[in-house]
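Novice: Sequence:
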Amino acid sequence: MVKTLQYMSLSQVYPAVLADFNLNTCGDPDCGNFGVAPDFTIPVFKGKNAAQRKQAAAASIPALTTGLGSYTMSSDDHHPRISEVFEYAGDPVGWDDGRSMECGHQRGNGVCDISFSIMSNEHFLEEYYRLLFAGGCLEGPVCGACGARYLESPDDFIFNGTHGKLAAGGNRRKAKPSGFRIIHRPCKGKPGARLSVSLDHQAQKELRDNVRILRCIVNGDSITTMRRVLADPDTGRQIGVSRLYSRIFWLEKTLLAFERAKLKEWKQRVEASDRFSHMRIAHDDVTISVNWESRFDRRLTPLQFSVSADIRSGYVFRIDANFDPNVDPVEFIQEHYLDDTGQPTNLRQHYSQKSGVTFTAPKMQFQRPSGRLDEAMLFASAEGRWRVFSERVQNAYEKTVNAGLALPPEAQEKIAEADDKRYQLDQIRQGHFGFHDTDRDFRGSFNGSVVKPTYTKAAHLACLRDMLPKGKITLVGEQEATMVRVVPHVFRDMINEDMFEWFVISFDKEVSAPKSKERMARFIEGLEAFKERARAKLGDDISDRELLERYCTKRMKTACIEGRNGTKYSHAIPNFQSRQFPQVWIKTPAQYFGETQKVVGFPVLRKKYRDSLKELAFDQEVHDTELRAALTRRALKATIQPVSTFMSSLRHRTSPSKRAGGKGARTGPAYINGAVFNPAVLMAFLNIFRIYYNWFEPRQYKGPGAAAGSESTIPGGMSAIRIPGTKETLEVPKKATTVPVMLTPAMRLGADPEKPNGRPRKAPDPRRVLYRPWLFHGTPLWRKFEDR
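For the sequence shown, this note's numbering gives the first residue as 1389, with consecutive numbering after it.
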């Protein structure tokens, strides 16, 4: 018989709160507990006459009446566990791996009752810093004595001479220092306070090879193709894979530092100007599968990439994977779950009751040091490494064993040690925490670990928020359960200032191209007829945009799903059917830019509109004229097109991101070679492609919320057509009236501004970008490296 754990109160398990961030509060912007942590000083009345005693105490404790800071806790039964080893051997105990909170703030005649699962703020912060510093490559020099970062406070560091020397080379390059020494002034004299800083790959002789790698990455070449391109022309000797990986990681680091420096300058320019900033951001996810073990073992590890792009310019700000390449599964478990003697530790949480009774219970996911990660996969990867080690040693001595000889004592000792480690991991993993088996149990493992998507999503949005200038932000995405949990908390301050809106859209993705074009043609036909009637009645001064809004406002309807028996259902998925969001979704008549049959929801609106919309049931029509017009304006600009365009280009032009697993009748499942085996290299590929897409490739950009200027008019005139069989031409009037404006997303965003000399705008030359110390931009080290 399985026992249950002792009761635990919310005050005992509530996670630590960060100074300016807390994921564990009510997520309803209109609730008094929005952003308010539990108040554990509020007394709880139980027993005889509890209601009367509570009412009497409410006079001196207003929170008893309003419910400010009032929450209750319940078990989260989505992840039931059974512990049956260690102290529970022979006496197993069942428990739920998580807890949920319910808001108890008063609302009308009842309580708010918004429910959410408890998360760790510390895990969020760890994931935030991972994305902020791009896995460590943008962290810069760090004081070895106290951990202070040079890039965070460069004025606290002083120079202490040069280090090394680069010999004179081609292109009239003179001999110069290879690096500079700096000292952290507050720690001067302590070990680790003096650092030597140099640039990666600065002694390369064939600099054009880096540009070749860049061109290969953005044009769909595989690792094998790159090795052929970089082969020695005389001997044909190819570059090693690890060396090529090193170049790719250097490219990623350099381009990310370049982008960070340029976006920082852009943000400062926008904030220094008097213009009001309103950033409209499209957000979506793309799933890319990695690590096919072999052509015979076709199992995949799917990674989820969060992508955010500016709707006006098409600039893709971030693409972040729920994968941490810096986590070594074996080292992580040994550091956090085994003590110095190799015995299990850190598995239980200690609790004490008011009566003085103390007890322990298995740590829940938000209490464990590995709670940020996909723990089932983490433990399976660690166990798999020991298994692979044993198999490799045994295979190495296969001939010895077949000859009837015993393995050397050292090999036998290491195999026995590996078996003990595997048994120990299995005890912790399945016996204590009850994690299930995964496909990774019986295959080799890459370095790193998958992160829970909720933490990556929250950190991605927080990094995005910090990249944008002060002002208003409108976020447009699709229906994602993780967004419901994190968006209200990441943008809490902006919501309170009425400077944030969040729209969710869906449209017909399965429609064929001819059908989509037919819908768009019908929409344009109806719109043009409406314009003619309106201008005949109102005059020609009214703009096309205003007429479009009037046309859509008049034809806007509430969107519902109708069942077989005529019953209406909400268009929202269950996570969005919470009372914290307005329940009305609208169907807009606008059919353009490939997003047809579009339905738009408005989880977070300006308060004046949100209050009115929340009063309506999911199947009620919106009759308020001002509210209908406001919803139409927002629906017309709600799009994820810039993200879809980027991801389509990504799929076609980078070989590791192509869809795997297609089951063609002739060829069978597709198999993808190359860097797709290594998630860290895949992430580098995607970051390099994103920055190249933003800065180095001019293209035309059109969309529902795109800035004007995608086309420019050309003067009328004559064009010449050659007469067949002769050298004579016939002049005819020009048919074209406009020409596409080819700009990079960075130019349209304003991050790559026009030059003051008025010359035609050109994308930057990669050769002039790659060899500058962008990581140290804006610090004294920047000038040192530039002037050396």
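Keep in mind that a hint or two might mislead.
In the DSS-like style, the derived pairs of lysine-lysine whose C-alpha atoms are separated by at most 27 Å in a straight line are [said to hold, decoys possible]: (1) K1860 with K1956; (2) K1942 with K1897; (3) K1655 with K1860; (4) K2002 with K1919; (5) K2002 with K1945; (6) K1858 with K1942; (7) K1925 with K1956; (8) K1840 with K1945; (9) K1903 with K2002.
FYI, nobody ran anything at the bench for these hints, they're computed from the structure.
Novice: For the pair supplied as a hint, K1925 and K1956, is the alpha-carbon distance within the 27 Å limit?
Specialist: 39 Å, violated
Novice: Given the hinted pair K2002 and K1945, is their alpha-carbon gap at most 27 Å?
Specialist: 16 Å, holds
Novice: For K1942 and K1897, compute the direct alpha-carbon distance and say whether it is at most 27 Å.
Specialist: 26 Å, holds
Novice: Just to be careful, I want the Cα atoms of K1903 and K2002 compared with a cutoff of 27 Å; is the pair within it?
Specialist: Answer violated: K1903 to K2002 is near 35 Å, above 27 Å.
Novice: Is the hinted pair K1840 and K1945 satisfied, with a Cα-Cα distance of at most 27 Å?
Specialist: 38 Å, violated
Novice: Is the straight-line distance between the alpha-carbon of K2002 and that of K1919 27 Å or less?
Specialist: 33 Å, violated
Novice: For the pair supplied as a hint, K1858 and K1942, is the alpha-carbon distance within the 27 Å limit?
Specialist: 35 Å, violated
Novice: What's the verdict on K1655 and K1860, does the C-alpha distance respect the 27 Å limit or exceed it?
Specialist: Answer holds: K1655 to K1860 is near 14 Å, not above 27 Å.
Novice: Take the C-alpha atoms of K1860 and K1956, compute the straight-line distance between them, and say whether it is at most 27 Å.
Specialist: 35 Å, violated
Checked against the numbered hints listed earlier, the structure breaks hints 1, 4, 6, 7, 8, 9; every other hint is satisfied.
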